[in-house]
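Student: Since the structure of chain E is provided, determine the placement of chains W and R on it from the hints.
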Amino acid sequence: MQKFLPSVSLLSVMLALACAAQTVAAASVPAGVALAAKQEWVRSNGSEPETLDPALAESVPANQIARDLFEGLTATDTSGKTVAGVAESWKQVNPTTWVFTLRKGAQFSNGEPISAEDFVYGWRRYLDPKTASQYATTLAPFILNGMDVAEGKKPVTELGVKALAKDQLEVKTPFPVAFLLDLLANTQFAPIHKATVDKFGKDWTKPGNLVGNGAFVLKEWRVNSAVVLEKNPRYWDAKAVVLNKVSFLPIEDSNADVKMYQSGETDMVYQLPPGSYEQMKKTYPAEVKNGPMLGLRFYALNNKDPLMKDLRVRKALSMVIDRDVLASKVTADGQIPAYGLVIKGIAGADVTSYDWAKWPMDKRVAEAKKLLADAGVKPGTKISFTYNTDQYHKKMAIFAASEWKTKLGLETEMDNLEFKVLIKKRHDGEFQIARHGWIADYNDATTFLTLVQCDSDSNDNKNCNRKAEELITQGNQTLDPVKRKALLTEAARLVMEDYPMIPLLQYTLPRLLKSYVGGYFESNPMDHFRSKDFYIIKH
Amino acid sequence: MWKYTLRRVLATVPALLAVITICYLMLHATPGGPFDTERKVSAAVLANLQAKYHLELPLWQQYLYYLDSLLHGDLGASFRYADWSVNDLVAKALPVSLTIGGLSMLLAVALGVSLGIWAALRQNSAADYLLMLVGSVGSAVPSFVLGPVLVMVFAIWLPWLPSGGWSDHEVRFWVLPIALLTLINLATVGRVMRGSLIEVMSSNFIRTARAKGLPMRIVVLRHALRPALLPVVSVLGPLAISSITAAVVTETLFSIPGLGKLIVNGASNRDYTLVLGLVILVTVVAVLLNLLVDLAYAYLDPKIRY
Amino acid sequence: MPTLIPKSVTEAAEPAQRSPWLDARIRFVRNRAAVASLLVLAFIVLACVLGPLLLPYSYEDTDWNQMGIAPTLAGWHLFGTDELGRDLLVRTLVGGRISLTVGLLATLVSVSLGVAWGAVAGFMGGRVDALMMRIVDILYAIPYLLIAIMMVTILGRDFYLVVLTISAFTWMDMARVVRGQTLSIRSKEYVEAARAIGVPTWRIIFSHVVPNLLGIVVIYTSITVPGVILTESVLSFLGLGVQEPMTSWGVLIHDGANVMASSPWMIWFPGAALTLTLYCANFIGDGMRDALDPKDR
Numbered sequence: 001m002q003k004f005l006p007s008v009s010l011l012s013v014m015l016a017l018a019c020a021a022q023t024v025a026a027a028s029v030p031a032g033v034a035l036a037a038k039q040e041w042v043r044s045n046g047s048e049p050e051t052l053d054p055a056l057a058e059s060v061p062a063n064q065i066a067r068d069l070f071e072g073l074t075a076t077d078t079s080g081k082t083v084a085g086v087a088e089s090w091k092q093v094n095p096t097t098w099v100f101t102l103r104k105g106a107q108f109s110n111g112e113p114i115s116a117e118d119f120v121y122g123w124r125r126y127l128d129p130k131t132a133s134q135y136a137t138t139l140a141p142f143i144l145n146g147m148d149v150a151e152g153k154k155p156v157t158e159l160g161v162k163a164l165a166k167d168q169l170e171v172k173t174p175f176p177v178a179f180l181l182d183l184l185a186n187t188q189f190a191p192i193h194k195a196t197v198d199k200f201g202k203d204w205t206k207p208g209n210l211v212g213n214g215a216f217v218l219k220e221w222r223v224n225s226a227v228v229l230e231k232n233p234r235y236w237d238a239k240a241v242v243l244n245k246v247s248f249l250p251i252e253d254s255n256a257d258v259k260m261y262q263s264g265e266t267d268m269v270y271q272l273p274p275g276s277y278e279q280m281k282k283t284y285p286a287e288v289k290n291g292p293m294l295g296l297r298f299y300a301l302n303n304k305d306p307l308m309k310d311l312r313v314r315k316a317l318s319m320v321i322d323r324d325v326l327a328s329k330v331t332a333d334g335q336i337p338a339y340g341l342v343i344k345g346i347a348g349a350d351v352t353s354y355d356w357a358k359w360p361m362d363k364r365v366a367e368a369k370k371l372l373a374d375a376g377v378k379p380g381t382k383i384s385f386t387y388n389t390d391q392y393h394k395k396m397a398i399f400a401a402s403e404w405k406t407k408l409g410l411e412t413e414m415d416n417l418e419f420k421v422l423i424k425k426r427h428d429g430e431f432q433i434a435r436h437g438w439i440a441d442y443n444d445a446t447t448f449l450t451l452v453q454c455d456s457d458s459n460d461n462k463n464c465n466r467k468a469e470e471l472i473t474q475g476n477q478t479l480d481p482v483k484r485k486a487l488l489t490e491a492a493r494l495v496m497e498d499y500p501m502i503p504l505l506q507y508t509l510p511r512l513l514k515s516y517v518g519g520y521f522e523s524n525p526m527d528h529f530r531s532k533d534f535y536i537i538k539h
Numbered sequence: 001m002w003k004y005t006l007r008r009v010l011a012t013v014p015a016l017l018a019v020i021t022i023c024y025l026m027l028h029a030t031p032g033g034p035f036d037t038e039r040k041v042s043a044a045v046l047a048n049l050q051a052k053y054h055l056e057l058p059l060w061q062q063y064l065y066y067l068d069s070l071l072h073g074d075l076g077a078s079f080r081y082a083d084w085s086v087n088d089l090v091a092k093a094l095p096v097s098l099t100i101g102g103l104s105m106l107l108a109v110a111l112g113v114s115l116g117i118w119a120a121l122r123q124n125s126a127a128d129y130l131l132m133l134v135g136s137v138g139s140a141v142p143s144f145v146l147g148p149v150l151v152m153v154f155a156i157w158l159p160w161l162p163s164g165g166w167s168d169h170e171v172r173f174w175v176l177p178i179a180l181l182t183l184i185n186l187a188t189v190g191r192v193m194r195g196s197l198i199e200v201m202s203s204n205f206i207r208t209a210r211a212k213g214l215p216m217r218i219v220v221l222r223h224a225l226r227p228a229l230l231p232v233v234s235v236l237g238p239l240a241i242s243s244i245t246a247a248v249v250t251e252t253l254f255s256i257p258g259l260g261k262l263i264v265n266g267a268s269n270r271d272y273t274l275v276l277g278l279v280i281l282v283t284v285v286a287v288l289l290n291l292l293v294d295l296a297y298a299y300l301d302p303k304i305r306y
Numbered sequence: 001m002p003t004l005i006p007k008s009v010t011e012a013a014e015p016a017q018r019s020p021w022l023d024a025r026i027r028f029v030r031n032r033a034a035v036a037s038l039l040v041l042a043f044i045v046l047a048c049v050l051g052p053l054l055l056p057y058s059y060e061d062t063d064w065n066q067m068g069i070a071p072t073l074a075g076w077h078l079f080g081t082d083e084l085g086r087d088l089l090v091r092t093l094v095g096g097r098i099s100l101t102v103g104l105l106a107t108l109v110s111v112s113l114g115v116a117w118g119a120v121a122g123f124m125g126g127r128v129d130a131l132m133m134r135i136v137d138i139l140y141a142i143p144y145l146l147i148a149i150m151m152v153t154i155l156g157r158d159f160y161l162v163v164l165t166i167s168a169f170t171w172m173d174m175a176r177v178v179r180g181q182t183l184s185i186r187s188k189e190y191v192e193a194a195r196a197i198g199v200p201t202w203r204i205i206f207s208h209v210v211p212n213l214l215g216i217v218v219i220y221t222s223i224t225v226p227g228v229i230l231t232e233s234v235l236s237f238l239g240l241g242v243q244e245p246m247t248s249w250g251v252l253i254h255d256g257a258n259v260m261a262s263s264p265w266m267i268w269f270p271g272a273a274l275t276l277t278l279y280c281a282n283f284i285g286d287g288m289r290d291a292l293d294p295k296d297r
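So the protein sequences, as listed, match chains E, W and R.
Residue 210 in my numbering sits at position 210 of the first sequence, and the numbers go up by one each step.
Residue 229 in my numbering sits at position 229 of the second sequence, and the numbers go up by one each step.
Residue 150 in my numbering sits at position 150 of the third sequence, and the numbers go up by one each step.
Source of the hints: derived by calculation from the structure; they are not laboratory data.
Be careful, since some hints might not be right.
[Unchecked claim] Quick look at which bits of chain W chain R covers, simulated, 3 or more residues with Cβ under 8 Å:
| hint | segment |
| --- | --- |
| 1 | 19–28 |
| 2 | 50–63 |
| 3 | 123–132 |
| 4 | 186–192 |
| 5 | 233–244 |
[Claimed, not checked] Straight-line distance between alpha carbons at most 20 Å, and here's what the computed SDA-like set of lysine to any residue pairs gives:
| hint | chain 1 | residue 1 | chain 2 | residue 2 |
| --- | --- | --- | --- | --- |
| 6 | E | 462 | W | 54 |
| 7 | E | 289 | E | 462 |
| 8 | E | 219 | W | 88 |
| 9 | E | 382 | R | 61 |
| 10 | E | 329 | R | 80 |
| 11 | W | 303 | R | 124 |
| 12 | E | 407 | R | 60 |
| 13 | E | 245 | W | 167 |
| 14 | E | 370 | E | 355 |
| 15 | E | 289 | E | 312 |
| 16 | E | 394 | R | 245 |
| 17 | E | 425 | W | 40 |
| 18 | E | 514 | E | 202 |
| 19 | W | 52 | E | 124 |
| 20 | W | 52 | E | 58 |
| 21 | E | 202 | W | 54 |
| 22 | W | 40 | E | 202 |
| 23 | E | 153 | E | 124 |
| 24 | E | 344 | E | 450 |
| 25 | E | 130 | W | 40 |
All C-beta atoms in this analysis are idealised placements derived from N, C-alpha and C, irrespective of residue type, glycine included.
The shape of chain E in the complex, shown without the other chains (with noise of 0.2 Å):
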């Protein structure tokens, strides 16, 4: 009887969800509000997208356009909600299998009606090896056999996706994913078109070739220049979608970028160049935006060090760091300070901190010192950092090496070296401390867990927590998310009890958006945009 009831009380919150879900437009341009003629947006997009194929796309300038070109069951409105994708329905039978309904007169790029196997050919292409999708053991997890699957253990047809009727598709899970929905907006999940991709093997993305069934199309595409995109007229949605044209610059300097912004070039920064936002805010005070985003800004220890392996150490080291200094003055961008793995905002698990969060830093000193003192390393001690070429760390770290030199009396040795190579040495262990940052895949706190879960792939800090290790699997396997969300935040708290990382501080995605451009909303947490949530306002 116990068992039955929270699984009605999900069904009953799905199936509001899933009515709810029908009346969301697309771009609701308030009443009264003139669009102009030329409904067109340049927007910068950070760096040139490694590739548009959906099942392909790791960085978040390719997702961005793939977003645009296509669509899943599910999407993501400009506030972050999950909204109906290409599902115009859907119901949850039993806590790990889900089915969908597709729209009616959904159809692809060319015109042909999308049908529930194209979704089971995108699904199995996206996670099978062959492909080689770097971002497949990201969201395989969660998908009935789903990693093993993408590790070659079994058959892509084992995979727990199946289509009942044209219009009809079965998911399973192997376990129950509360967040489901979210993951499927992911346009690792969209539908593929077969012809399209066999017909033209790996030049299926390029424009004039590349079918999909998102607001847009490719229109252009130009490495390094830009990629452009045009209404799609065959969009279920293309009424409600107010702009003609999106062109995407892939601008990596982020000052070259402010130029072109303030010479009318483009009418939005992707982001703003580290240090530059407080002057921002003077000058355009209307135009600057900044909201959290669900990432975390951290140090890896290596657990393994002979230094580093005292948690004794450890733990002064992340005592002494002022993190409101650092947020305030700075990076001075309006991130928040964070002592703990999960950050404001993400669903599944609750912010956890420190105690000694509260004190006053003369008293925090006098602990790290003395923990610094029982573990034997004395004043004067040399200690690496090892951090990759750009501005905004290289700040950052050079307080945190004063902090620990005028608190400590530590020396810092500091190391600049290029991405790669920190990858690589973060990933071997070549390290004592070592910048890192982690961005949310999902909305779900086991995104950033398994930042610090045993043999996972994504633990530089190489420890281990046996005890939370079971909290999440137990947390997992739970079908009340009050009860899972008490599961995972403990699970947190121990970990982070055992100062595996130092956290420092939560992302924010400081930018500038021309006035005259509509439907931007501050607090998406995943920075995840339709471009046809957007409209260009008469100026």
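Tutor: Showing chains W and R alone in chain E's frame:
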């Protein structure tokens, strides 16, 4: 002279082979591979990725594979720009770099030679110092400063030109990048021209020409210029090569899809095929330009014979 | 025997011997800009060497309450501070030490190698020339970023390594230029004459060819110096040069260029220091070329 040219062109092949081999070994010796990313990939995926690019084979086998595809005119697939072949990438970036690099070289030569001549003929006067001061801006102020200054003045304060971006036919996107490169190259050309002309002007045959009563213009342009251009031509080779293939700062500042950016991104991402493909291109360009320079020597100084 | 001719006459009749170096120095002094540049450069060098010893701040002292302030007399921040609160004046001077040292050393290595290589190739001609220049062509084609990354990650981080890496890419230009000039000199009459009377080849190269190359070498050297210093800054920016908290003009200027609009002093001061130094190097170079030119009256 034709025999010499032919010999040089044929000699390119072993040179190319040597460059490819050296770069190939260097790339593979550098730590970090193309698939070292933040999120670790599963063993199966890694195996497939490597199979796609033949990376699981022993080094010498990969090398032979590569040479074989070269003979078929295929430079391979890029890792970093996974949807594109290296042939595509290079073919699209080359005309852009040639346009900017080539035009800026022409301008730099025209302006630099004129500047050098004027300054040389007024040696040690205030005009000389002034000309050299102005002309040397490009060599005393780093490009990553000069560029943004140009942008601030001509794109933001005076909204005449775009601050970046590229178009194949709209010339307004070409102006600032070419201006930047020209200023940089102008400095070198001007100074070398000045120094060289001053030396030549004190030679015997010039003294004779002046003694004959020839007007200064004829003396300089008809008699002194040819030998004086020799060091300038020497300098043009390296300048042209770097303007076309290594204008990274300019390309980054103005978001131009040229060769420099491809090389830097390729090296940072350990995109073996892309880097090797570009290296081949650069070698061919370098060899051709150096050949032109050497032929120019022979033209300018009749006593040089190959 | 009484001297019939007074000493003053006999002694005055012999004109004093003037060495060619004295000649050169006189000609150099005539070039006003070159002399001024020499003085300015000497001042800069002195400031960089002694300055930091006199100032109250060290180049790595951060001050979180004085971040990014404009130049002010209060607190002796004459050049202002950078975004971490470090005094810019001290950092500019300390950075100058690095830039000047690197500039000097790398240029020295690069010039020596380039001149030797180019002179030998140009003078020998024929197959030797072809081989040597093909080697230069080959080395040219290898992207310098690749070499830099490789050298640093394999050989480790060291100040002298930076010098070596920079010299590795800059000697080739000098070699090409020198070789071209040598080809021209080789066919001149005095070389023919020397050969005719049996002077050994190496003697001819180093006693006749090289001195006549001085003009173009000096000019090209003074073109190399700014190139070297700028290359050093690009390397540091890529993480292959001097490590934090040590700095150099190139690094300071690069950081300053990023905040030019909001904190212009961060680029003005190191930028002025660098530009001034480079202009001085240019003028001194021109002056030296004029001074050493054997044909200039």
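Student: Which of the listed hints are not met by the structure?
Tutor: 2, 6, 7, 15, 18, 22
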